[in-house]
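2 protein chains.
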Amino acid sequence: MATPRKSKADDGGTRRRLIEATAQIMYDDGYAAATSRQIAAKAGVKQALVYYYFPTMDDLFLEVLKVGADVALAQMRKALTADDPIRALWQINIDPRRTVLNTEFMALANHRKVIGAELKAYAERVRDIETAAVTMVMRASGIDLDAYPPVAIAMLIAQTARSLGNELAVGVTEGHEEFRALVERHLALLSNPSAAVRS
Amino acid sequence: MATPRKSKADDGGTRRRLIEATAQIMYDDGYAAATSRQIAAKAGVKQALVYYYFPTMDDLFLEVLKVGADVALAQMRKALTADDPIRALWQINIDPRRTVLNTEFMALANHRKVIGAELKAYAERVRDIETAAVTMVMRASGIDLDAYPPVAIAMLIAQTARSLGNELAVGVTEGHEEFRALVERHLALLSNPSAAVRS
DNA sequence: GTCTATATAGGGATAGAC
DNA sequence: GTCTATCCCTATATAGAC
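Protein chains in written order, with full-length UniProt numbering: chain A, 1 to 199; chain B, 1 to 199.
Check each hint, because a few of them may be wrong.
[Said to hold, decoys possible] The calculated BS3-like cross-link candidates involving lysine-lysine, where the alpha carbons are at most 25 Å apart (straight line), are: (1) A:Lys42 to B:Lys113; (2) B:Lys42 to A:Lys113; (3) B:Lys66 to B:Lys46.
[Claimed, not checked] Where chain B lies over chain A, by a calculated footprint (3+ residues, C-beta under 8 Å): (4) 29-35; (5) 174-182.
[Stated by the list, open to error] Residues of chain A clear of chain B, computed beta-carbon distances all greater than 12 Å: (6) Glu20; (7) Lys46; (8) Gln47; (9) Tyr51; (10) Tyr53; (11) Thr56; (12) Asp59; (13) Leu62; (14) Val71; (15) Leu73; (16) Glu104; (17) Asp128; (18) Ala140.
Everything labelled a hint here was simulated from the structure, so no lab data went into it. Ideal Cβ placement from N, Cα and C applies to all residues, glycine included.
Construct the complete structure from the given sequences, taking the supplied hints into account.
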């Protein structure tokens, strides 16, 4: 667990560059465009070298997913100690860069078992962290945790943020302004329920 | 507009079968597996025939999207006259069959302009219908439409339903029970605000 | 660790017979 | 409307030189 990366004294970062090139191509042109040739070209190496580092293309995709997940989880853990943890989580989840790549992996996961399993594991770890953040904030605000289960509130925040990110990526913005205003009001409510306004 | 399909006396449904085969393969194995050869095989015709009906593969994908959109929009318009329109919309949006295909098209849309444009147009028509349904119900219930803009509520319902469908497809169920309970409570509240309970 | 070269498969698309 | 046959390109993956 201490050395998740290659233990070798490691090249000149070729492995890392291959992973980054793959992520970039998936983001720009979709997973179907992430071929060994395209990836090698972007990383500045020859095609066959991809197979030196990754036995199959699935191994490479899996590694892209794992590295991205590690980064995302680190960001989320950091969000736990932010001034406004919930808003920080919202910001992380709405980032179109993240949502586009996530969509690619979800599509991949729908027909490649190993990727589906990894994505599932990642999604659950994310949910746990987000639920922890929401629990913390709600408890501090004295909100009834039985009436509003933190895990459900965490899902609500994360899912809608991601959905907005996805829509932005496609160019859909109808209703976004209204939605963001609604979110703002309720984020404020979560952190400071004394200011509650009702319908 | 009266004849969205081929005006010819039409074959024996070959065109339709090609579209259905494509949708099925995209659902089962992802868009990358939807090749002219695979599609032809599933439809029981030879590969070259695909190009008789559709000049390029993108034309075929576009047609799959359009037909699917037409069906979905029809379902949603029908939901407007249902006993509980909001719940009907929730049910339509949570269907994993729909969300999986939608994910494939979103991934496709990220790098094929024509598909992105069509998906955007479709998403906006869906939003309009859903907003109409929500407006209707909220108005009937006497809920403050300024405090809770119907378009935002419509987004909330549709997006979270789709997110749950996506997660089900990957096998993630953590928090779903709590979330569904929360939704149930608020759907009831939407249609019958007199039963309001607050935090 | 990186390369060249190649095996093998499958892709989109077209020409032309029936 | 459907077929056979084919062009040309790109894919994953491996073998072996350097």
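Point to revise | Contradicted hints - numbers only | key: 16 and 17
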